[in-house]
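Asker: Listed here are the chains, written in short residue letters.
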Amino acid sequence: MSIILDHVSHIYEKDTEMAAFALRDVCLTIPDGQFIGLIGHTGSGKSTLVQHLNGLLVPTGGCIYFNGQDIHQEGYDKKELRSRVGLVFQYPEHQLFEVDVFSDVCFGPRNLGLSEKETQLRAFEALRQVGFPEEYFYQSPFDLSGGQKRRVAIAGVLAMKPEVLILDEPTAGLDPKGRDEILDQIAGLQKETGITVILVSHSMEDIARYVDRIIVMNRGSVLFDDSPKEVFRHGRELEEVGLAVPQVTYILRELKERGMAVRTDATTLEEAEREILQALGRG
Amino acid sequence: MLRDITLGQYYQTESVIHRLDPRVKLVGTILYIISLFVCNRFTGYLIAALFLGVLIKLSKVPFRYMVKGMKAIVFLLLLTVAFNLFLTPGEPLVQFWKLTITKEGLRFSVFMAIRLTLLIIGSSLMTLTTTPNNLTDGMEKLMGPLKKIRVPVHEIAMMMSIALRFIPILMEETDKIMKAQIARGADFESGNVIKKAKAMVPLLVPLFISAFRRANDLAMAMEARCYQGGEGRTKMKPLQYRKQDFAAYGIFCCYLAVLVLVSQIGMIV
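If you read the sequences in order, they're chains A and B. Numbering follows numbering that gives the first Met the number 0, in which position 133 of the first sequence is assigned residue number 132; successive positions increment by one, without gaps. Numbering follows numbering that gives the first Met the number 0, in which position 2 of the second sequence is assigned residue number 1; successive positions increment by one, without gaps.
Please keep in mind that the hints were generated in silico from the structure rather than gathered at the bench. Be aware that one or more of the hints could be misleading.
Calculated lysine-lysine pairs in the DSSO-like style (CA-CA distance at most 30 angstroms, straight line) [unchecked claim]:
(1) A:K13 - B:K70
(2) B:K59 - B:K242
(3) A:K78 - A:K190
(4) A:K77 - A:K176
(5) A:K13 - A:K116
(6) B:K194 - A:K77
(7) B:K195 - A:K160
(8) B:K178 - A:K116
(9) B:K195 - A:K78
(10) A:K160 - A:K116
(11) B:K195 - B:K70
(12) B:K236 - A:K13
(13) B:K147 - B:K70
(14) A:K160 - B:K59
(15) B:K194 - A:K116
(16) B:K175 - A:K160
(17) B:K147 - A:K190
(18) B:K234 - B:K147
(19) B:K146 - B:K236
Just need the whole structure built from these sequences, with the hints factored in.
Answerer: As structure tokens, this is what we get:
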């Protein structure tokens, strides 16, 4: 059970003067249950890549396999694919349309042709999973705050019970508190249910804390694909493509340069703390 | 799907036609369209087509782009041709079932097809070579005298330029919302008319909301910059006729003269 991208390329506005390469020969394997961070500078092809994973975009070259089947072969059930690979777009709150929160979350499962009871059950569960307060279930989604709207939109995809959940910049435009809450909930959900999660972001801080694997995109190609520790070793290359390593990694590097005996591969605050305490002889 | 509409789309390149004053292009297009409907000889259409061909060549816009705009009106074109072909009274040419094709009808429908084709290509040439902002600037200036009779010329021009500016934005937005709802299992393609109309709700509601939100933001941004209509407003780049613009008017007059001459000669002969 996995997604395999085999030499996938995508050209926008193909055969016109405005043709632009968005993906160049991307090969990836996404196994079950991984928590993956997909990062890259604006325009590096992240969003284009994730739209290929549920068949919204058709590659101009190469193939995509979901559980061993080519998703663009004749007669493949795209609807079924989209229920199993859930994609939450950037600013997903812009897609809300129903009169109340609960009906909006029901939209996804209802489209799958589930019974009314099952639909409501799933909507209820999804709203609980994203920590949406029950007293607002029958409010108009347009009266909610930005963070709550986003929760509803994410629940709308979760209610389809996807095996792979892709979130395109789920924290864009949220304050630090809202950001941490949403990311914590996604991480908790991933642990609890064991689904595959792909988190698209350009913030290293967001990603480093949660994921087991980082894919770095640059100009439509995969630049690095490794564990966070390994990826952050390439600090200079990352800076060259307009990204940065987490702040704590910078601090550790600085400390080492000043003669402190620390390892510089810590990526989260907790790891860095331990490292420094150890170097100070208090670990 | 939505991207096929080229009418009202600007093609960026450097050419003599692009550099012309928008007023010249506007007046030229209107005169060209009138000339198409006044003309009633094949030789005249030949000249009109040649003239347009030369202009297209000069504009450096690939011919494909002009034809793309045609796709949208193919149905209208066929309908017009069919009506003219079968419903014009005159000397019968072919007759089958209840339909009669007359000699006049045939002639008229061919004329109509040529007219519409040249009309669409001609006006696409204008929109392809003029930025929407330039175009509305030109219109505002041309309609200037109407201000005397209290026509809110500036406001109309501003509304038009905003509307034009929003077309690509709303198109992109539609595309995005559509994709997001498809990702939630929405189906915009299958089913009968009623089902299809119902399927549009998840697309239209967010689209309207986003349009209102954008309009609101824009109004706020304009107000923050002290916009208060056309009264006393100056332009950063005021339109000014240059030598080439007068030359273009001259060339246009020549074209019209030739066309009139040709139809006159045709009359005599």
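Asker: For which of the previously enumerated hints does the structure constitute a violation, in increasing order of number?
Answerer: 4, 5, 12, 13, 14 and 17
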